[in-house]
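Peer 1: Those protein sequences? They're chains A and B, same order as listed.
Oh and the first sequence: position 125 is 124 in numbering that gives the first Met the number 0, straight run, nothing missing.
Oh and the second sequence: position 118 is 117 in numbering that gives the first Met the number 0, straight run, nothing missing.
Note that these hints are calculated values from the structure, not bench results.
Where a beta carbon is used, it is the ideal one built from N, C-alpha and C, also for glycine.
Incorrect hints may appear among the rest.
Said to hold, decoys possible - Looking from chain B toward chain A, a few residues come up when the C-beta cut is under 7 Å (computed):
#1 Gly-53
#2 Arg-58
#3 Gly-66
#4 Val-96
#5 Ser-99
#6 Asn-101
#7 Gly-108
#8 Thr-110
#9 Lys-131
#10 Gly-135
Take a look at the letters that make up each chain.
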Amino acid sequence: MKLKRTLLGCTMMLSVAAFALGSPASANDELQKLQGDANQWVMPTGNYANQRYSALDQINATNASKLHPVWSFSTGVLRGHEGGPLVIGNTMYVHTPFPNNVFALDLNDNGKIIWKYEPRQDPSVIAVMCCDTVNRGVAYGDGKIILNQADATTVALDAKTGKELWHVKNGDPAKGETMTMAPMIVKDKVYVGISGGEFGTQGRFTAYNMKDGSLAWNAYSVGPDEGMLVDPVKTTNMGKPIGKDSSISTWQGDQWKTGGGSTWGWYSYDPALNLVYYGTGNPSTWNPTQRPGDNKWSMTIFARDADTGMAKWVYQMTPHDEWDYDGINEMILADIPVKGKQTKALVHFDRNGFGYTLNRETGELLVAEKYDPAVNWATHVDMQTGRPQVVAQYSTQQNGEDKNSRNVCPAALGSKDQQPAAFSPKTGLFYVPTNHVCMDYEPFKVSYTAGQPYVGATLSMYPPKGETNLGNFIAWDAGQGKIVWSDPEPFSVWSGALATAGDIVFYGTLDGYLKAVDIKSGKELYKYKTPSGIIGNVTSYTHNGKQFIAVLSGVGGWAGIGMAAGLGNDTDGLGAVGAYKQLSNYTQLGGVMTVFGLD
Amino acid sequence: MRNTSLLAFSGLVGAGLLLAIAGSPGAKAENDPVYEVQAGRVDQHTFNGYRRYGESCLRCHGPDGAGSSYAPNLTESLKHLSYDDVVNVITNGRQNVTKSQNNVMPAFGTTEDVILYMDDIYGYLKARSDDKLPRGRPKRIGDDS
Chain A
0 MKLKRTLLGC TMMLSVAAFA LGSPASANDE LQKLQGDANQ WVMPTGNYAN
50 QRYSALDQIN ATNASKLHPV WSFSTGVLRG HEGGPLVIGN TMYVHTPFPN
100 NVFALDLNDN GKIIWKYEPR QDPSVIAVMC CDTVNRGVAY GDGKIILNQA
150 DATTVALDAK TGKELWHVKN GDPAKGETMT MAPMIVKDKV YVGISGGEFG
200 TQGRFTAYNM KDGSLAWNAY SVGPDEGMLV DPVKTTNMGK PIGKDSSIST
250 WQGDQWKTGG GSTWGWYSYD PALNLVYYGT GNPSTWNPTQ RPGDNKWSMT
300 IFARDADTGM AKWVYQMTPH DEWDYDGINE MILADIPVKG KQTKALVHFD
350 RNGFGYTLNR ETGELLVAEK YDPAVNWATH VDMQTGRPQV VAQYSTQQNG
400 EDKNSRNVCP AALGSKDQQP AAFSPKTGLF YVPTNHVCMD YEPFKVSYTA
450 GQPYVGATLS MYPPKGETNL GNFIAWDAGQ GKIVWSDPEP FSVWSGALAT
500 AGDIVFYGTL DGYLKAVDIK SGKELYKYKT PSGIIGNVTS YTHNGKQFIA
550 VLSGVGGWAG IGMAAGLGND TDGLGAVGAY KQLSNYTQLG GVMTVFGLD
Chain B
0 MRNTSLLAFS GLVGAGLLLA IAGSPGAKAE NDPVYEVQAG RVDQHTFNGY
50 RRYGESCLRC HGPDGAGSSY APNLTESLKH LSYDDVVNVI TNGRQNVTKS
100 QNNVMPAFGT TEDVILYMDD IYGYLKARSD DKLPRGRPKR IGDDS
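So that you can see chain A by itself, here it is in the shape it has in the complex (with noise of 0.2 Å):
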């Protein structure tokens, strides 16, 4: 396909003088200057730090309270809606979960229009998408709207016109390999993950060149250490090199084969030390017996040099994994104190429970606490080793297949899980969006075939004991370890968060409220409630020189799934009925992205 530059425009840019087309150091450039700007919102997670912040303040703690919908588009399509729009110039750029659909909407006419792709794509890969047909937004870069599409194919589009200037198949649905991940553009490259941890894919980090979408390369999570792209004496781990065969040495023959260690969360970057940041999903399968080893490295922070993808450290936050805590979540990128000493800090709410504060440049373990309380799998992480310290009742390893582990905290969809949380500079604190729920446990033994599910356990979910509310929605400080403040939900909080420079920290509820509340204390100060459960993110931009705050809604995700018809566990006779609360109850399907502002 052959690139028709006479199409990437420079009118769409309208606050950017200085755009030159196609070269990569200036896409590059672009990009990076974009990101600082407020008043658009130029990649799906803010900026390459992945903080979510909006310098904005027009909309601040004191008038947060006469924010009201302005206007709302319905994207056509049913199905939970995560991620959020782009806003680059006076354009806004809308996403839909399957078919995934995108709208490019021109801000000047009332979100008219502009253009709509419309992939075809066969419907059966639906079949293998593990938790609805979720997608979590476009990237922009080089005058291009890259889209990865639920059939591992990855598009780019012109982002004046939308039509396909390229697309690489990423990877094959018929293995249960799928894509719903954001595209994240640093350089003259576009870095995208793979989704399959439940049918067995070997997980994997790729680069394309934005140029044409031809392969630069690609870096396996689990496997030897060429297709891995490691160096068993430069790419360390716990401050020391991680070895020959790092990975395979801790599989059982050839299982990493389908090892899983799936790539499908926020990326962040530093373009100081030039490395990209991300987590590893669960080992296949489910059932820890059938996988002796630390299965390395799945559920891993890696550190990846931006130009050539070797590794230059490593972290496993859960070697072996039991529970499916999953490792893809964020890492956001600040310059924090951390125990008095000012560091380049990378910050990561685990879906296993615990919030880690490492150093980004070596790979140092600084932090590691419980950012939910409820959490019991383990007491501690042993910041010598970096291991988690298992609680032999909470191991469905040692309790064995066939066993139900009971009461295991968090369950297996994390006390955290895709959902963005946000970092202010101006408080020094992070905002997340978490779940508090347990899970009973019970392993047992499956065998992999090619696009079948490979999971090998049940579970069921439930509030932990005693209490009501299945979510929380914290003030963090990831320099000591601490719950700031914390705000009960009914529901878990699925939504990505916004923290912004009015002092106001914004989210989506499952029951479908846009809430803003105080930055210093959590007070609810504005709520609205949208046509759908909120697993979106919260984005703001300004348009003629006024702040807006867009959100999509649509319920779904695993949450929907989860929680649609309440949570049971007959376990304990029942004793907290009142507790399982039907989100059908309170809301139903639909995708709409409604806009906020102050008269």
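On the provided structure of chain A, position chain B as indicated by the hints.
Peer 2: Frame of chain A, contents of chain B only:
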């Protein structure tokens, strides 16, 4: 496939072959697989059905067959569907893909983990649908865990 019931026999573990037998539509209720619930505990087949459900169906139909935001509540469905209907939809799948609906029920006709245990899965869901079994992991008869 409309008028054909595909009956897969449970217990043929390892047979590797799918036995398809043409029968008449709307099999008699007395031929349907049964479940056993005694004081809240279930027989091994029903327990296995619970487990196979967790492996292959839960990610869409939700915990305990109770439904999700996009796939039907099977405890309701089984009040209306015959055994043959259920076997048919599980074996052949069903797609309801329109401009606004993207519902895909996969075909499990070649998935051993499902086909070989069809009656166990049916029995488990039927027990749930008949309100004989509460939500959560059932206990096995003669099992104290």
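Peer 1: Quick one: which hint numbers does this structure break? Sort them smallest to largest.
Peer 2: Result: hints 7 and 9 break, sorted rising.
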